[in-house]
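Chains A and B, in that order, give the protein sequences.
Heads up: the first sequence begins at 207 in the numbering used here, then just goes up one per residue.
Heads up: the second sequence begins at 27 in the numbering used here, then just goes up one per residue.
Everything labelled a hint here was simulated from the structure, so no lab data went into it.
Some hints could be false.
To be verified - Non-contacting residues of chain B with respect to chain A, defined by C-beta distances greater than 10 Å in every case (computed): (1) Ile50; (2) Ala212; (3) Arg337; (4) Arg345; (5) Ala434.
Said to hold, decoys possible - Taking CB as the label site, the calculated pair distances span: (6) A:Asn248 - B:Tyr451: 49 to 57 Å; (7) B:Leu385 - A:Ser468: 50 to 58 Å; (8) A:Tyr318 - B:Tyr551: 37 to 45 Å; (9) A:Glu324 - B:Leu470: 25 to 33 Å; (10) A:Tyr318 - B:Phe284: 18 to 26 Å; (11) A:Glu285 - B:Pro138: 35 to 43 Å; (12) A:Glu285 - B:Gly51: 51 to 59 Å; (13) A:His263 - B:Tyr287: 50 to 58 Å; (14) A:His263 - B:Tyr155: 53 to 61 Å; (15) B:Phe284 - A:Asp385: 41 to 49 Å; (16) A:Gly403 - B:Lys349: 57 to 65 Å; (17) A:Gln234 - B:Tyr287: 46 to 54 Å; (18) B:Pro542 - A:Pro233: 48 to 56 Å; (19) A:Gly403 - B:Leu385: 54 to 62 Å.
Unchecked claim - Some residues of chain A that are not near chain B, with every Cβ distance over 12 Å (derived): (20) Thr210; (21) Ser237; (22) Asp238; (23) Pro328; (24) Pro336; (25) His414; (26) Ser420.
Even for Gly, the Cβ is constructed at its ideal location relative to N, Cα and C.
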Amino acid sequence: MWATNLRIIGVVLGTLALYTLIANKIPQVQSDVPRALTLGANVTPEQLVSAGDQLYHGAGGCTACHGLGTRAPNLLTDEKGQGPIGARCGKREAGKDCKAYLHESLATPRAYVVTGYEPIMPEMGRILSPQQIWALVAFLESNGGTVDVSASDIPASSTTSTTSTTSTASAGIAGGSTDPMAIIRGAGCTGCHKINGEGGAIGPDLNHVGSRLSANLIRESILTPDAKVAKGFEKFKGIMPKTFGNQLTAAQLEALVQFLASHK
Amino acid sequence: MADGMMVFQAVADTANAYRDFPLIGSRAAVWIAAEIHLMFAAFVLGVPIFAVVAEAIGIFGKDQRYDRLAKEFTRLLLIAYSATAIWGAVFVFLLSTLYAGLWAYLTRIFGPSMWVYVSIFFLESFTLYLYYYGWDRWKYGRAKIVHWCLGILLNIWGTTVMFIADSWLTYMMTPPRDITPETSPASIKIWHAILNHTWMPINIHRLIGNVVFGGAIVGAYASYRFLASRTDEERAHYDWMGYVGNFIAMSALIVLPFAGYWLGREIYQYDQSLGITMMGGFMSWLWVIQAFLIAVLFLAGNYYLWVGMGRIPGAERYRPYTKWLLVVLVLGALVWGTPHTMIADSRELAAMGGSHHPLLGALGVMSAKNTAVNLMILATFLSFLLYRRANIRQVVPWAKTGTRIQAAMFVIAAAIVLFFGIRGYFVEAIVRIGYSVYQVGAVLACIVFVTLIDVLMARGAQSLGAIQWGKMPPRSQYALFILAVTFTWLMGLMGFARSGIRQHWHVYGVLQDMTPYAATPALGYAAIMISTCVLIFLSLVGFIFWLGGLAEKSTFVPSTVEAPHVGH
Numbered sequence: 207m208w209a210t211n212l213r214i215i216g217v218v219l220g221t222l223a224l225y226t227l228i229a230n231k232i233p234q235v236q237s238d239v240p241r242a243l244t245l246g247a248n249v250t251p252e253q254l255v256s257a258g259d260q261l262y263h264g265a266g267g268c269t270a271c272h273g274l275g276t277r278a279p280n281l282l283t284d285e286k287g288q289g290p291i292g293a294r295c296g297k298r299e300a301g302k303d304c305k306a307y308l309h310e311s312l313a314t315p316r317a318y319v320v321t322g323y324e325p326i327m328p329e330m331g332r333i334l335s336p337q338q339i340w341a342l343v344a345f346l347e348s349n350g351g352t353v354d355v356s357a358s359d360i361p362a363s364s365t366t367s368t369t370s371t372t373s374t375a376s377a378g379i380a381g382g383s384t385d386p387m388a389i390i391r392g393a394g395c396t397g398c399h400k401i402n403g404e405g406g407a408i409g410p411d412l413n414h415v416g417s418r419l420s421a422n423l424i425r426e427s428i429l430t431p432d433a434k435v436a437k438g439f440e441k442f443k444g445i446m447p448k449t450f451g452n453q454l455t456a457a458q459l460e461a462l463v464q465f466l467a468s469h470k
Numbered sequence: 027m028a029d030g031m032m033v034f035q036a037v038a039d040t041a042n043a044y045r046d047f048p049l050i051g052s053r054a055a056v057w058i059a060a061e062i063h064l065m066f067a068a069f070v071l072g073v074p075i076f077a078v079v080a081e082a083i084g085i086f087g088k089d090q091r092y093d094r095l096a097k098e099f100t101r102l103l104l105i106a107y108s109a110t111a112i113w114g115a116v117f118v119f120l121l122s123t124l125y126a127g128l129w130a131y132l133t134r135i136f137g138p139s140m141w142v143y144v145s146i147f148f149l150e151s152f153t154l155y156l157y158y159y160g161w162d163r164w165k166y167g168r169a170k171i172v173h174w175c176l177g178i179l180l181n182i183w184g185t186t187v188m189f190i191a192d193s194w195l196t197y198m199m200t201p202p203r204d205i206t207p208e209t210s211p212a213s214i215k216i217w218h219a220i221l222n223h224t225w226m227p228i229n230i231h232r233l234i235g236n237v238v239f240g241g242a243i244v245g246a247y248a249s250y251r252f253l254a255s256r257t258d259e260e261r262a263h264y265d266w267m268g269y270v271g272n273f274i275a276m277s278a279l280i281v282l283p284f285a286g287y288w289l290g291r292e293i294y295q296y297d298q299s300l301g302i303t304m305m306g307g308f309m310s311w312l313w314v315i316q317a318f319l320i321a322v323l324f325l326a327g328n329y330y331l332w333v334g335m336g337r338i339p340g341a342e343r344y345r346p347y348t349k350w351l352l353v354v355l356v357l358g359a360l361v362w363g364t365p366h367t368m369i370a371d372s373r374e375l376a377a378m379g380g381s382h383h384p385l386l387g388a389l390g391v392m393s394a395k396n397t398a399v400n401l402m403i404l405a406t407f408l409s410f411l412l413y414r415r416a417n418i419r420q421v422v423p424w425a426k427t428g429t430r431i432q433a434a435m436f437v438i439a440a441a442i443v444l445f446f447g448i449r450g451y452f453v454e455a456i457v458r459i460g461y462s463v464y465q466v467g468a469v470l471a472c473i474v475f476v477t478l479i480d481v482l483m484a485r486g487a488q489s490l491g492a493i494q495w496g497k498m499p500p501r502s503q504y505a506l507f508i509l510a511v512t513f514t515w516l517m518g519l520m521g522f523a524r525s526g527i528r529q530h531w532h533v534y535g536v537l538q539d540m541t542p543y544a545a546t547p548a549l550g551y552a553a554i555m556i557s558t559c560v561l562i563f564l565s566l567v568g569f570i571f572w573l574g575g576l577a578e579k580s581t582f583v584p585s586t587v588e589a590p591h592v593g594h
């Protein structure tokens with residue numbers, strides 16, 4: 207019986223050792239706590255780029271998608287002969303310089319979903335502080351372009367929180383703007399709905415939504431999207447987030463409802 | 027509102043909110059206590075489910091062997107139940123002393139449900155004692171039915187206790203969106219906190235997972251007793267028990283991924299960054315390890331069945347097929363284990379010649395993986411089917427037609443799986459996700475209808491000889507041990523994935539972890555922790571098995587009596 211017991215112990219320990227060994231042989235990646243960033247009035251571009259580099263490859267979690275080029279464009283390597291992101295960012299949107307484009311892409315990423323990719327990027331303002339976002343902009347610019355982020359771009363507030371979930375929640379989407387199209391882009395509506403020549407075809411077309419739904423029904427559809435699902439879109443029930451009631455300010459919600467109701 | 031913030035986040039920030047644990051640190055201490063408590067809890071919640079089913083087969087099928095089996099399961103429960111309570115107490119003491127701030131926060135919201143939990147725990151304990159100690163007293167007639175109802179009641183209490191505890195941990199993972207760091211916990215309605223995004227998916231996933239885990243541990247118990255047996259009768263009994271344990275574990279394992287998909291979908295819906303962290307972020311390698319473990323489960327489970335066919339007269343007819351089943355399982359496992367989205371630096375990307383490996387990249391996507399896992403499930407089901415009909419010859423006049431229909435169903439199901447797998451490469455992601463439903467539907471329909479036909483075809487079937495229970499080579503029993511260790515390790519790994527996606531948050535986006543252990547460790551460290559927990563758990567379970575052997579000698583059936591297959 208002792209021999210059997212020893213064999214059982216051997217099988218158990220051998221199996222455990224094998225699994226532990228395999229898990230230790232693969233690349234080891236630890237999820238670090240985002241470090242608080244304190245940027246003084248005299249912050250240099252080099253300091254910003256360095257901080258952004260650490261965020262990009264670490265706590266920002268950017269490489270999970272942008273490091274591959276399948277879920278999201280690879281930002282640090284050449285794409286379609288346009289060079290890395292610092293070289294191509296200024297050409298992406300007419301009349302928008304690289305700095306503005308990158309900052310808006312981080313704050314409201316669904317505004318500029320590159321063709322061929324899904325609108326999956328979270329609003330980074332929910333995860334990172336304004337200082338951290340500007341540091342990321344500087345780092346991305348430094349990859350093939352010129353860094354023009356300076357201390358004057360960074361909010362005067364010396365708060366060094368590691369997240370800005372709170373501020374986003376209270377300020378609403380798109381920095382609290384009541385411009386309906388800014389809200390629509392910031393909330394990622396165009397990821398699924400078409401309006402004013404933008405957007406996809408997963409959800410109902412919103413170009414003439416005002417002729418189909420009253421303002422009250424539009425409001426209800428934004429706040430509880432699954433309450434009434436448009437005919438022909440039943441299989442997409444459950445996809446639209448149910449969180450806009452918490453994310454939008456009252457003023458934003460009303461601006462959005464009136465805007466959509468006017469689209470007859 | 028601001029008061030809440032001041033009280034709770036500030037409390038969490040101060041030294042009083044945290045204490046350290048000597049040598050291993052507070053995180054490791056809580057990790058070990060929580061994990062081992064959870065493993066025991068899964069066992070004591072899973073085993074009553076099939077103890078009640080086995081007792082029902084004994085009552086309504088008039089087969090006393092199942093009744094004895096159910097009693098033996100329950101005897102193991104009795105001792106494991108105490109261990110669950112002890113580790114639960116250790117966990118609570120560690121959490122309340124080492125993470126006092128978090129504990130204060132959670133009790134402020136969930137206090138009333140904790141009292142309900144304790145009350146039901148009492149009811150569950152006494153129902154279990156009544157169920158076990160009343161076994162021989164309420165053995166016949168109506169009393170037996172009442173006894174069986176006690177078993178059902180035991181399951182109701184156990185499931186309720188689990189649902190309550192699940193609400194606490196799912197709240198930490200996916201707190202309702204309107205709850206922010208400024209929200210005072212005193213103002214949070216308890217039902218609002220309980221009904222969070224992942225509560226029900228976790229409940230269902232754990233319910234099925236517990237059955238899988240319980241089956242695997244029972245299988246290991248039976249294999250231990252088989253190897254220690256001194257008589258043929260003992261060997262026959264524990265051989266049969268091991269088969270039943272493996273059957274339960276593998277059957278429930280087949281449906282577990284569907285509950286997992288639901289949970290993953292809810293996590294993505296709640297917060298895409300949580301989902302991306304889990305599937306494509308720093309945890310991406312974890313899924314490759316998971317694929318390896320599940321491949322081991324499929325291979326070991328099937329190997330046990332194939333070896334078991336050696337003791338079934340007539341099974342030699344099907345032996346040539348096993349090598350093809352092995353080919354499907356190995357190829358499926360290789361595809362499932364092919365990595366897709368992983369963190370790679372520029373040097374690694376350059377070495378691959380792009381973001382994906384030129385050859386393997388196409389196999390690392392969901393279309394290929396879903397196809398692979400569905401074909402593996404079909405192959406495993408076919409193994410069970412061959413095992414089931416190994417020692418019988420159908421005598422119904424339509425037996426040949428029935429077999430052809432069954433074969434056609436397998437071919438059609440495999441063709442549907444392959445068709446949508448290939449088509450998935452050419453459509454948008456949102457359409458591709460929907461294809462997995464068709465693939466799963468085809469496999470489940472095949473399983474249901476083929477089983478139905480098989481049951482009808484087996485009516486009055488001619489026996490080719492009794493199953494020689496006990497005539498199993500010892501190596502088959504080690505496969506059951508590997509299954510139990512792998513299931514337990516997999517549970518620890520998935521627990522790490524679920525808990526780890528919160529990263530440096532106690533309550534995601536609401537209450538931050540301010541300890542030196544806030545960073546989420548890499549997989550290597552997690553693996554050492556998981557192995558430590560599994561080793562402690564299995565050592566204690568081994569002790570319980572030994573006690574189980576001391577407590578009562580089992581009753582056996584003569585090895586010459588043909589035991590029915592499960593499902594007959």
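Against the structure, the hints come out as follows:
Interface exclusion of Ile50 (chain B) from chain A stands, the closest Cβ pair being 17 Å apart, more than 10 Å. No beta-carbon of chain A is positioned within 10 Å of the beta-carbon of Ala212 (chain B); the least distance is around 19 Å. Against the 10 Å criterion, Arg337 (chain B) stays outside the reach of chain A, whose nearest CB is about 20 Å from its own CB. Separation of Arg345 (chain B) from chain A is adequate, the least Cβ-Cβ distance of about 26 Å exceeding the 10 Å criterion.
Separation of Ala434 (chain B) from chain A is adequate, the least Cβ-Cβ distance of about 29 Å exceeding the 10 Å criterion. For Asn248 (chain A) and Tyr451 (chain B), the hinted distance range of 49 to 57 Å is satisfied, since their beta carbons lie about 53 Å from each other. Checking the proposed 50 to 58 Å range against Leu385 (chain B) and Ser468 (chain A) shows it holds: the Cβ atoms sit about 54 Å from each other. Distance hint check: the CB atoms of Tyr318 (chain A) and Tyr551 (chain B) are about 38 Å apart, consistent with the given range 37 to 45 Å.
Remark: the range hint 25 to 33 Å for Glu324 (chain A) to Leu470 (chain B) is upheld by a beta-carbon distance near 28 Å. At roughly 36 Å, the beta-carbon separation of Tyr318 (chain A) and Phe284 (chain B) lies outside the given 18 to 26 Å, and the hint is violated. The given range of 35 to 43 Å is broken by Glu285 (chain A) and Pro138 (chain B), whose C-beta atoms sit roughly 55 Å from each other. In this structure the hint that Glu285 (chain A) and Gly51 (chain B) lie 51 to 59 Å apart at CB is violated, the actual value being about 44 Å.
At roughly 31 Å, the beta-carbon separation of His263 (chain A) and Tyr287 (chain B) lies outside the given 50 to 58 Å, and the hint is violated. The beta-carbon spacing between His263 (chain A) and Tyr155 (chain B), approximately 57 Å, falls within the hinted interval of 53 to 61 Å. Taken as a hint, the range 41 to 49 Å holds for the pair Phe284 (chain B) and Asp385 (chain A), whose Cβ atoms sit roughly 43 Å apart. Under the hint 57 to 65 Å, the C-beta atoms of Gly403 (chain A) and Lys349 (chain B), about 59 Å apart, fit the expected range.
A hinted range of 46 to 54 Å is violated for the C-beta pair Gln234 (chain A) and Tyr287 (chain B), which are about 28 Å apart. The supplied range of 48 to 56 Å is broken by Pro542 (chain B) and Pro233 (chain A), whose beta-carbon atoms lie about 24 Å from each other. The supplied range of 54 to 62 Å is broken by Gly403 (chain A) and Leu385 (chain B), whose beta-carbon atoms lie about 41 Å from each other. Thr210 (chain A), annotated as away from the interface, has a beta carbon of chain B within 12 Å; the closest lies near 5 Å.
The Cβ of Ser237 (chain A) sits about 4 Å from the closest Cβ of chain B, inside the 12 Å cut-off, so the non-interface label is violated. Once the 12 Å rule is applied to beta carbons, Asp238 (chain A) is inconsistent with being away from chain B; the minimum gap is 5 Å. A Cβ of chain B approaches the Cβ of Pro328 (chain A) within 12 Å, the least distance being about 4 Å, so the stated non-interface status is violated. Non-interface status of Pro336 (chain A) relative to chain B is upheld: no Cβ of that chain comes within 12 Å, the nearest being about 17 Å off.
Remark: the non-interface label on His414 (chain A) is consistent with the geometry, its nearest Cβ contact in chain B lying 23 Å away (cut-off 12 Å). The Cβ of Ser420 (chain A) lies farther than 12 Å from every Cβ of chain B, with a closest approach of about 26 Å, so its non-interface assignment holds.
In this structure, the hints that do not hold are numbers 10, 11, 12, 13, 17, 18, 19, 20, 21, 22 and 23, in rising order.
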